[in-house]
Amino acid sequence: MIFLFYQDIIFDKGGYKEETIKLRPSLYDIECFGAQGGTSYSYTNRDTYTKLKNGGPGSYAHAKIKVAYSNISLSVEIGAQGYTDSGGQPDGGDPAKYDTYPIKKPGGGGGSSRVSLGDIPLIVAAGGSGASITRDGSPGGGNNTCFYKERGNDNYFETSEKKYMTEDRNGGPGKKGLVII
1 MIFLFYQDII FDKGGYKEET IKLRPSLYDI ECFGAQGGTS YSYTNRDTYT KLKNGGPGSY
61 AHAKIKVAYS NISLSVEIGA QGYTDSGGQP DGGDPAKYDT YPIKKPGGGG GSSRVSLGDI
121 PLIVAAGGSG ASITRDGSPG GGNNTCFYKE RGNDNYFETS EKKYMTEDRN GGPGKKGLVI
181 I
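Numbering (full-length UniProt numbering), first residue to last: 1 to 181.
By construction, these hints were calculated from the structure, which means they are not laboratory data. Treat the hints loosely; a few may be bogus.
[Claimed, not checked] Here are the simulated EDC-like pairs of lysine to aspartate or glutamate, each with C-alpha atoms no more than 20 angstroms apart in a straight line:
#1 K64 - D119
#2 K17 - D91
#3 K97 - E19
Since we're looking at a predicted model, the values are computed, not measured.
Kindly produce the complete structure, drawing on both the sequences and the hints.
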């Protein structure tokens, strides 16, 4: 007798979320999307503001795991989008502060989304960078490609040429983080 178990658990929460799940013996695909970096704004007073630039998209990461013998507990963290006054949880960087009118506020970094077994990270998708006052944020990392800009050009280009990479990187979709198991 053969029993097949299929599980499609989608963690798609607005804002930071941390959960623990139990997986039965089986083969699992895990997909993680890091959260988008924060948008930059210009404030002329407390109630009047103008959007300047968009935060960079979070990265995408994919892994397969096999649970062989017994149930295991995994920790799932969903990254939050960066804000104009702070980075997105759990680990997005805070933006710089400005205090003269009109106040121009850059965006904070997006939070990463991750799945861990105890203290051992199994898969992590980085958040995107926050927007500066004059430029959109950069995409997060992953997948053996990267995005780069040429001087005098505001467009991003994707490449797998190693000369552009300090580490593997690639942008992913979505404002908030997402994990699919």
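Checked hints:
1. K64 - D119: holds, 19 angstroms
2. K17 - D91: Holds. K17 to D91 sits at ~13 angstroms (cutoff 20 angstroms).
3. K97 - E19: Violated. K97 to E19 sits at ~32 angstroms, over the 20 angstroms cutoff.
Violated hints amount to a single one, hint 3; each of the other numbered hints is respected by the structure.
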